[in-house]
Amino acid sequence: MPEEIVMVTPDKSFVDLVAEYGGEGVKMCFQCGTCTASCPSGRNTAYRTRKTMRAAQMGFRDIAFSGDDLWQCTTCYTCQERCPRDVPIVDVVVAMRNIAVAEGKMYDPHRKTGQNLVEIGHSVSFGDKQKKMRADMGLDEVPPTVLANKKAMDDLKKILAATGFDKLVG
Amino acid sequence: MAKKYAFFLGCIAPLRYPGLEKSTRVVCKALGIELVDLKDASCCPAPGVIRSFSKKTWLAAAARNLALAEKEGLEILTICNGCYGSLFDAAHELAEDKELLKEVNGVLKEIGMEYKGTTKVRHFAEVLYKDVGIEAIKKKITKPVDYKVAAFYGCHFLKPSGIKGLDNPENPHILEDLIAATGAEAMPRAQASLCCGAGGGLRAAFPDNAMKLTKTNLENIKESGAKYIVDICPFCHLQFDIGQKDSGYSFPVLHLSQLYGVAMGMDAKELGFSAHQTPVKL
Ligand code: SF4
Ligand code: SF4
Chain P
13 MPEEIVMVTP
23 DKSFVDLVAE
33 YGGEGVKMCF
43 QCGTCTASCP
53 SGRNTAYRTR
63 KTMRAAQMGF
73 RDIAFSGDDL
83 WQCTTCYTCQ
93 ERCPRDVPIV
103 DVVVAMRNIA
113 VAEGKMYDPH
123 RKTGQNLVEI
133 GHSVSFGDKQ
143 KKMRADMGLD
153 EVPPTVLANK
163 KAMDDLKKIL
173 AATGFDKLVG
Chain U
355 MAKKYAFFLG
365 CIAPLRYPGL
375 EKSTRVVCKA
385 LGIELVDLKD
395 ASCCPAPGVI
405 RSFSKKTWLA
415 AAARNLALAE
425 KEGLEILTIC
435 NGCYGSLFDA
445 AHELAEDKEL
455 LKEVNGVLKE
465 IGMEYKGTTK
475 VRHFAEVLYK
485 DVGIEAIKKK
495 ITKPVDYKVA
505 AFYGCHFLKP
515 SGIKGLDNPE
525 NPHILEDLIA
535 ATGAEAMPRA
545 QASLCCGAGG
555 GLRAAFPDNA
565 MKLTKTNLEN
575 IKESGAKYIV
585 DICPFCHLQF
595 DIGQKDSGYS
605 FPVLHLSQLY
615 GVAMGMDAKE
625 LGFSAHQTPV
635 KL
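Chains as they are written, first to last, in this note's numbering: chain P, 13 to 182; chain U, 355 to 636.
Derived by calculation from the structure, the hints in this document are not laboratory data.
Honestly, I wouldn't trust all of these hints.
Each computed BS3-like pair below joins lysine-lysine, with the alpha-carbon atoms no more than 25 Å apart [said to hold, decoys possible]: (1) Lys24/P / Lys409/U; (2) Lys179/P / Lys409/U; (3) Lys124/P / Lys566/U; (4) Lys425/U / Lys163/P; (5) Lys143/P / Lys623/U; (6) Lys463/U / Lys163/P; (7) Lys409/U / Lys117/P; (8) Lys425/U / Lys170/P; (9) Lys170/P / Lys452/U; (10) Lys124/P / Lys410/U; (11) Lys463/U / Lys169/P; (12) Lys144/P / Lys393/U; (13) Lys409/U / Lys170/P; (14) Lys463/U / Lys162/P; (15) Lys124/P / Lys409/U; (16) Lys141/P / Lys635/U; (17) Lys599/U / Lys124/P; (18) Lys63/P / Lys409/U; (19) Lys393/U / Lys162/P; (20) Lys170/P / Lys463/U; (21) Lys463/U / Lys179/P; (22) Lys410/U / Lys117/P; (23) Lys410/U / Lys163/P.
Taking the hints into account, I'd like the entire structure generated from these sequences.
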């Protein structure tokens with residue numbers, strides 16, 4: 013029995029959105045599957061890079077955002093190095109993640125990382141334990157980053173607010 | 355020639371493994387590299403989670419860091435592949451795309467800053483290899499070691515190679531050469547370019563998948579006969595150091611700066627091994 017052939021129509025609005033977020037290069041993809049074959053993350057999960065690229069090309073939002081596939085990419089660039097069409101695969105993944113996040117789809121541990129950035133200007137927490145560790149090694153207790161200068165931290169906060177990041181992770 | 359760079363700390367080195375910061379400072383000094391702290395810098399921001407959340411935020415905050423170095427008139431030196439990935443990529447995009455630079459400067463204007471697009475971003479390993487050179491390094495090695503090690507490049511040092519242009523990512527030699535300068539030997543292994551597992555937000559949200567990648571690496575490292583892991587990224591460093599807990603493996607994890615410190619006769623205290631979870635027995 014031949015399999016049923018289903019006609020699908022690309023969703024141009026999603027394709028355009030992906031392009032707007034920096035994933036335009038996906039249009040070069042000719043679906044060879046080299047990326048999937050190269051992907052270390054796909055060996056452990058259901059994530060299939062080629063399929064995700066197809067979803068981006070055709071605007072299949074449901075496929076792109078189904079499950080946690082999109083978030084299994086480690087951004088290792090192995091696929092991108094080998095892609096015969098020079099598709100900027102990681103940019104495409106990042107573009108689709110940006111869209112998902114803008115729609116409120118995010119994982120709590122990631123949100124926490126984002127909140128750390130808003131609170132202290134770094135992506136990991138900092139407290140007395142770390143201060144002591146630094147002092148014991150003969151380093152300044154507080155590193156000379158935004159952590160040591162309120163004005164610098166305020167500047168960073170303004171940038172995060174101006175680009176809507178605080179609301180995103182708020 | 356005195357070599358001077360703006361030292362960009364990032365997050366994981368200063369806040370989780372300050373020994374990496376410390377050993378970089380002492381090793382650079384010994385090699386005649388002057389590090390000027392890039393004061394007021396923030397997270398690069400992280401190429402995994404923060405860039406995945408908002409490329410716009412990522413680029414603007416990276417541009418602020420780049421502008422701080424531009425003001426000092428110095429190239430940035432980083433000891434982290436994540437910071438290197440973010441800052442190098444952002445600097446590249448902003449140098450190539452004047453419209454984008456204009457847009458980003460619109461944001462920086464809010465804090466009275468401007469980025470002209472001139473900052474060069476360098477990785478510690480690359481600076482050692484290119485600006486100091488293997489022969490000059492060898493002269494400073496006072497206590498050569500005979501360790502068999504796994505050279506762990508991580509992902510964002512060489513890749514994307516189209517813009518990094520440092521080495522062939524499928525068959526590189528820079529790190530092996532830098533390791534050989536200390537007397538140590540980098541053992542060839544299967545899947546040598548496999549990701550440590552931490553990147554892209556995996557460690558935080560999907561630790562099972564992350565750990566599978568880490569374990570595959572550990573198996574390959576064991577097979578190769580290596581007894582130590584030498585990395586050039588605090589995030590790979592953390593993934594291997596913490597990831598070996600209850601794994602049955604216990605390879606001491608050394609950042610390249612720490613290996614150099616050992617081979618230059620510095621003591622363990624100065625190199626910050628006390629912060630490691632997998633004990634460093636030398
Ligand atoms: S390797 Fe490139 S061209 Fe081939 S399927 Fe993947 S993205 Fe498309
Ligand atoms: S960059 Fe992402 S999709 Fe590509 S091989 Fe690595 S984990 Fe897979």
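Each hint tested on the structure:
| no. | hint | result |
| --- | --- | --- |
| 1 | Lys24/P / Lys409/U | 22 Å, holds |
| 2 | Lys179/P / Lys409/U | 15 Å, holds |
| 3 | Lys124/P / Lys566/U | 23 Å, holds |
| 4 | Lys425/U / Lys163/P | 17 Å, holds |
| 5 | Lys143/P / Lys623/U | 16 Å, holds |
| 6 | Lys463/U / Lys163/P | 15 Å, holds |
| 7 | Lys409/U / Lys117/P | 16 Å, holds |
| 8 | Lys425/U / Lys170/P | 20 Å, holds |
| 9 | Lys170/P / Lys452/U | 23 Å, holds |
| 10 | Lys124/P / Lys410/U | 19 Å, holds |
| 11 | Lys463/U / Lys169/P | 14 Å, holds |
| 12 | Lys144/P / Lys393/U | 21 Å, holds |
| 13 | Lys409/U / Lys170/P | 16 Å, holds |
| 14 | Lys463/U / Lys162/P | 19 Å, holds |
| 15 | Lys124/P / Lys409/U | 18 Å, holds |
| 16 | Lys141/P / Lys635/U | 24 Å, holds |
| 17 | Lys599/U / Lys124/P | 24 Å, holds |
| 18 | Lys63/P / Lys409/U | 23 Å, holds |
| 19 | Lys393/U / Lys162/P | 12 Å, holds |
| 20 | Lys170/P / Lys463/U | 10 Å, holds |
| 21 | Lys463/U / Lys179/P | 21 Å, holds |
| 22 | Lys410/U / Lys117/P | 18 Å, holds |
| 23 | Lys410/U / Lys163/P | 22 Å, holds |
This entry satisfies every hint, going by the numbered hints stated previously.
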